[in-house]
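Peer 1: Note that UniProt numbering numbers the sequence shown so that position 315 is 315, with each residue one more than the last.
Below, in silico cross-link-like pairs of lysine-lysine (DSS-like), each with a Cα-Cα straight-line distance of 30 Å or less:
no.: 1; residue 1: K8; residue 2: K179
no.: 2; residue 1: K45; residue 2: K293
no.: 3; residue 1: K125; residue 2: K105
no.: 4; residue 1: K153; residue 2: K125
no.: 5; residue 1: K153; residue 2: K126
no.: 6; residue 1: K179; residue 2: K99
For the record, the hints were derived by calculation from the structure and aren't laboratory data.
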Amino acid sequence: MENQKKIKVAFMIGSFPRVSETFIINQVADLIDRGIEVEVFSFTKGLSSLENISQRFSDYKMSRLVHYLDMPQNKLIRFFAAVYKLLSILLRKPSIFFKVLNFRKYGLTVKSLKLIFWVEPFIGKKFDLVHCHFGTIANKYLVIREIFGFKHKIITTFYGIDVSHIFKVKPRDYYDNLKKHCQSYLVMSDDMKRRVVEYGFSAEQVGVLPISIDVASYPYSERHYSPGQQINLISVGNFVEKKGFDDLLRALAIVKQKTDKDFKCHIVGDGQLKEMIYGLTRELGIGDVVDFKGYMKLEDLITLFTKMHLCLQPSKTSADGDME
Numbered sequence: 001m002e003n004q005k006k007i008k009v010a011f012m013i014g015s016f017p018r019v020s021e022t023f024i025i026n027q028v029a030d031l032i033d034r035g036i037e038v039e040v041f042s043f044t045k046g047l048s049s050l051e052n053i054s055q056r057f058s059d060y061k062m063s064r065l066v067h068y069l070d071m072p073q074n075k076l077i078r079f080f081a082a083v084y085k086l087l088s089i090l091l092r093k094p095s096i097f098f099k100v101l102n103f104r105k106y107g108l109t110v111k112s113l114k115l116i117f118w119v120e121p122f123i124g125k126k127f128d129l130v131h132c133h134f135g136t137i138a139n140k141y142l143v144i145r146e147i148f149g150f151k152h153k154i155i156t157t158f159y160g161i162d163v164s165h166i167f168k169v170k171p172r173d174y175y176d177n178l179k180k181h182c183q184s185y186l187v188m189s190d191d192m193k194r195r196v197v198e199y200g201f202s203a204e205q206v207g208v209l210p211i212s213i214d215v216a217s218y219p220y221s222e223r224h225y226s227p228g229q230q231i232n233l234i235s236v237g238n239f240v241e242k243k244g245f246d247d248l249l250r251a252l253a254i255v256k257q258k259t260d261k262d263f264k265c266h267i268v269g270d271g272q273l274k275e276m277i278y279g280l281t282r283e284l285g286i287g288d289v290v291d292f293k294g295y296m297k298l299e300d301l302i303t304l305f306t307k308m309h310l311c312l313q314p315s316k317t318s319a320d321g322d323m324e
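Given these sequences and hints, build the entire structure.
Peer 2: The structure is reproduced here in structure tokens:
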């Protein structure tokens, strides 16, 4: 068994690590625990600070497993970095040199020099399986795959925005190339599978596998309430429209008006709608019953959960069609 060849898996990710995508960190760690070699290819860097990133990222030294495919923002630095990478491609994989410069075929990804940065880290790499997280990321990876002529299997996990919002704003053929080359797809729910199949994916290739948790990491403790005790509520998520935090705040305002019980809602998260959510809290006059925690490391969040009575998790379809 010791001489058995290890399975090699590549993760294709948009940004890594992210506080809101701890499940990807857990997947990497769990695969490593099972003796599988994992490398991560991320199109952009995640948070510069690891303060709120799951401890497993550091424990498993995942920074050593990550290859970043993004370009320097400074145009001069980008140019010289691109020249260096082009020379690397020419020396190490000359057969693809002119492919990464094929503007007629790849358009702006060539003109912007982006394709050079996408391709160069894959030179010399061999994998048994590539797991693309989000369909939009899979589409980007297919360009890299075509340039190299890779033949390994691909699995793509759809998470939400890549099948809800994308189906609404992109043409019907947006995922046609993915349908030709990807062997399996995972989705979060039966409803999401229905939508994916309606979009033209084979039902036989689509499996339902919701993001799961390690139950052992969330030890059960029976909750008790005594008259006069503060009722602690918690809600966790990114501050984006589909998470429904505005609806939650309005509901809390109604509860505040209708009860004399002492309660507080602890909201864990951050994001693009932060100013709107904070402003709505002030407008509704509920700052005394809402406690914004910001982002939290998973391990600290689990500890906080043990002090809560109820977890609230609203959601809705956003104006642009995005949904869970």
